[in-house]
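With the sequences and hints as input, model every part of the structure.
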Amino acid sequence: MTRSGALLPPPRVSRRRRIVEWLIEGALVLSALSAVFITIAIVFVLLNESLAFFRHVSIIEFLTDTQWTIMFEEKHYGIAPLLAGTLVTSAIGLMVAVPLGTVIAIYLSEFAPHRVREFVKPLLELLIGVPTVVFGYFALLSVTPMLQKVLPDLPGFNMLGPGIVIGIMITPYISSLAEDAMRAVPMTLREGAYAMGATRFRNALTVVVPAALSGIIAAYVLGVSRAVGETMVVAVAAGQQPNFTLNPMEPAATITTFIVQVALGDLPHGSIEYQSIFAAGLVLMLMTLGLNVIGHLLRRRYREVY
Amino acid sequence: MAAELASSNRMEPQALRALIGRNKQSDKVFAIIGLLAMLVGVFALLWLLIGLAMDGGSRISWQFLTSFPSRHADKAGILSAWVGTTLVMLVTTFSAVPVGIAAGVYLEEYARRNWITDVIEINVTNLAGVPSIVYGLLALGLFVYGLGFGQSILSAGLTLGLLILPVVIVSTREAIRSVPVAMREAAYALGATRWQTVHDHVLPYSTGGILTGIILGLSRAIGETAPIITIGALTFIAFLPPAPITNEPPFISFEWLMAPFTVMPIQMFNWLSRPQAAFLNNAAAAGLILVLMTVSMNALAIWLRYRFRKKIKW
Numbered sequence: 001m002t003r004s005g006a007l008l009p010p011p012r013v014s015r016r017r018r019i020v021e022w023l024i025e026g027a028l029v030l031s032a033l034s035a036v037f038i039t040i041a042i043v044f045v046l047l048n049e050s051l052a053f054f055r056h057v058s059i060i061e062f063l064t065d066t067q068w069t070i071m072f073e074e075k076h077y078g079i080a081p082l083l084a085g086t087l088v089t090s091a092i093g094l095m096v097a098v099p100l101g102t103v104i105a106i107y108l109s110e111f112a113p114h115r116v117r118e119f120v121k122p123l124l125e126l127l128i129g130v131p132t133v134v135f136g137y138f139a140l141l142s143v144t145p146m147l148q149k150v151l152p153d154l155p156g157f158n159m160l161g162p163g164i165v166i167g168i169m170i171t172p173y174i175s176s177l178a179e180d181a182m183r184a185v186p187m188t189l190r191e192g193a194y195a196m197g198a199t200r201f202r203n204a205l206t207v208v209v210p211a212a213l214s215g216i217i218a219a220y221v222l223g224v225s226r227a228v229g230e231t232m233v234v235a236v237a238a239g240q241q242p243n244f245t246l247n248p249m250e251p252a253a254t255i256t257t258f259i260v261q262v263a264l265g266d267l268p269h270g271s272i273e274y275q276s277i278f279a280a281g282l283v284l285m286l287m288t289l290g291l292n293v294i295g296h297l298l299r300r301r302y303r304e305v306y
Numbered sequence: 001m002a003a004e005l006a007s008s009n010r011m012e013p014q015a016l017r018a019l020i021g022r023n024k025q026s027d028k029v030f031a032i033i034g035l036l037a038m039l040v041g042v043f044a045l046l047w048l049l050i051g052l053a054m055d056g057g058s059r060i061s062w063q064f065l066t067s068f069p070s071r072h073a074d075k076a077g078i079l080s081a082w083v084g085t086t087l088v089m090l091v092t093t094f095s096a097v098p099v100g101i102a103a104g105v106y107l108e109e110y111a112r113r114n115w116i117t118d119v120i121e122i123n124v125t126n127l128a129g130v131p132s133i134v135y136g137l138l139a140l141g142l143f144v145y146g147l148g149f150g151q152s153i154l155s156a157g158l159t160l161g162l163l164i165l166p167v168v169i170v171s172t173r174e175a176i177r178s179v180p181v182a183m184r185e186a187a188y189a190l191g192a193t194r195w196q197t198v199h200d201h202v203l204p205y206s207t208g209g210i211l212t213g214i215i216l217g218l219s220r221a222i223g224e225t226a227p228i229i230t231i232g233a234l235t236f237i238a239f240l241p242p243a244p245i246t247n248e249p250p251f252i253s254f255e256w257l258m259a260p261f262t263v264m265p266i267q268m269f270n271w272l273s274r275p276q277a278a279f280l281n282n283a284a285a286a287g288l289i290l291v292l293m294t295v296s297m298n299a300l301a302i303w304l305r306y307r308f309r310k311k312i313k314w
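Protein sequence lines correspond, in order, to chains U and A. The numbering of the first sequence is our numbering, which starts it at 1 and goes up by one. The numbering of the second sequence is our numbering, which starts it at 1 and goes up by one.
Please keep in mind that the hints were generated in silico from the structure rather than gathered at the bench. All residues carry an ideal CB built from backbone N, CA and C; glycine is no exception. There could be a bad hint or two in this list.
What follows is a set of in silico ranges between Cβ atoms, one per label pair, in the way DEER data are often shown [stated by the list, open to error]:
hint	chain 1	residue 1	chain 2	residue 2	range
1	U	Ile294	A	Arg71	48 to 56 Å
2	A	Arg307	U	Ala27	28 to 36 Å
3	A	Ala277	U	Ile294	53 to 61 Å
4	U	Val305	A	Gly21	34 to 42 Å
5	U	Met187	A	Ser296	23 to 31 Å
Structure (structure tokens):
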């Protein structure tokens with residue numbers, strides 16, 4: 001917010017100058033409003049095409065049918081298989097990223113010597129910079145073959161490998177946000193704990209983590225929405241075949257990979273397949289929106305004021 | 001903990017010592033677990049890089065950089081891909097950077113505390129969390145068909161511009177916020193208008209932070225695959241877009257904006273979805289170049305941030 005509200009410029013400026021100021025402020029307002037326009041455009045485009053889709057397909061079929069065979073002769077429009085794929089890959093990703101990210105955050109914030117911190121943090125930030133399609137390559141040709149040595153029955157396309165890679169991918173997001181939250185906890189709280197004889201680990205577990213809980217939850221929510229929206233890792237390494245299963249050893253498609261698959265097929269504008277990717281996108285959007293609302297409520301519930 | 005301490009008052013010294021020992025033990029154990037967890041991350045990064053280098057390192061050559069994609073894996077290259085990436089990034093930069101900086105300046109320096117500002121801020125935060133493929137759908141409906149830009153460099157560049165807009169806005173705001181109020185007061189005291197203050201003082205001081213944000217945003221945009229696939233980019237492009245500089249006046253042509261294109265991550269994905277091992281090696285080589293590009297951009301951003309943080313003393 002403006003920090004200089006009380007310090008308005010003096011009124012003795014030329015008329016030309018004043019017009020310039022006015023024009024510039026107008027341009028700046030328009031730029032800032034672009035964020036609102038983009039949101040409106042996203043909602044409009046998704047709703048518009050989805051409504052056309054739901055004129056052909058009943059919402060009941062969309063929600064209850066267990067097959068998604070839009071590319072076949074006999075078409076079924078049930079979102080459930082795609083939801084299952086998204087659910088499984090995201091759940092595996094979170095099972096990797098939440099413990100790993102939390103431990104790294106606690107370590108970096110409460111344990112790590114300054115030198116280790118300065119060295120490891122940039123490395124983790126580099127991990128954020130690796131493109132997702134490269135992570136897809138990693139899942140398909142590095143992680144899955146290694147998993148196959150342990151689990152010989154694992155097919156080349158499966159949800160386990162991509163899920164683990166998604167976890168590795170979102171770990172730095174979670175750790176860096178959670179660490180920021182922990183470092184924002186005032187030093188006096190820690191000093192109080194240490195004065196009472198707490199060890200570092202006890203201080204971290206009983207003082208810092210509870211005090212930073214709302215920020216840590218925000219980090220988790222961001223991680224979940226990244227995992228749900230992740231596209232390329234799954235598109236490359238999970239097989240792109242809609243499959244109504246919760247078994248991570250099987251290949252499957254997610255909401256996002258379905259969109260990619262249809263878009264690769266170059267379908268005519270206005271066809272039902274074209275509209276279906278917007279319906280899938282709408283479901284994805286609603287999921288991330290729901291997650292953000294839940295995150296907001298949780299954050300409010302656990303916010304500590306100090 | 002309090003209960004435990006209270007009861008420890010009545011403990012035998014030996015038992016108390018054992019309790020303290022156990023607590024100290026858990027400290028050491030966690031320090032090791034934390035170190036291991038970080039090593040997992042670092043190890044994953046190394047494993048990924050070494051894997052790419054081993055599979056694709058030998059494919060990287062002058063021929064690879066200067067050839068078009070081909071049916072024959074050993075003759076294929078990434079010429080059209082890196083030219084496409086460069087041109088798309090040009091459009092992205094020119095669309096996202098001015099708007100992003102302007103929005104950041106408005107929110108920090110001009111905005112009054114009212115509901116419009118609140119709405120804008122909520123929108124910026126939410127846009128940062130929208131999955132990238134949704135931007136692809138927006139672009140498919142809006143740029144490709146709505147505005148009739150087709151599956152062109154312009155559509156792709158604008159799509160990625162929208163995608164990184166929140167990144168640019170947020171980093172601009174952070175950079176501007178770190179400029180002390182005293183700087184603004186000094187300018188106003190000398191009779192500067194609000195824009196003169198921003199343009200001559202606030203923006204120059206926050207250049208480093210803004211630049212860092214722009215580089216991070218572009219490095220994300222370079223690697224984005226899903227939105228570009230969604231707008232229907234072709235994957236087999238064995239020609240270059242029209243040159244931006246021509247022989248005839250006015251010497252500058254913008255025909256390339258409407259040209260079909262491919263970009264690095266799309267080329268990699270295309271090779272990755274073929275079964276032949278030779279193409280997988282090409283994919284690894286393209287991936288290696290892509291990672292080197294994004295990682296060096298991120299490293300540059302981290303270094304810049306570090307340098308500016310160290311250098312500026314108010």
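Distance restraint evaluation - alanine 277/A, isoleucine 294/U, Cβ atoms, bounds 53 to 61 Å = 45 Å, violated
For arginine 307/A and alanine 27/U, compare the CB-CB distance with the range 28 to 36 Å and indicate the outcome.
-> 31 Å, holds
Is 48 to 56 Å right for how far apart the beta carbons of isoleucine 294/U and arginine 71/A are?
-> 50 Å, holds
Could you tell me whether the CB distance from methionine 187/U to serine 296/A stays inside 23 to 31 Å?
-> 37 Å, violated
Range hint 34 to 42 Å (beta carbons of valine 305/U and glycine 21/A) holds or violated | 37 Å, holds
Going down the numbered hints, you'll see the structure goes against 3 and 5, while the others check out.
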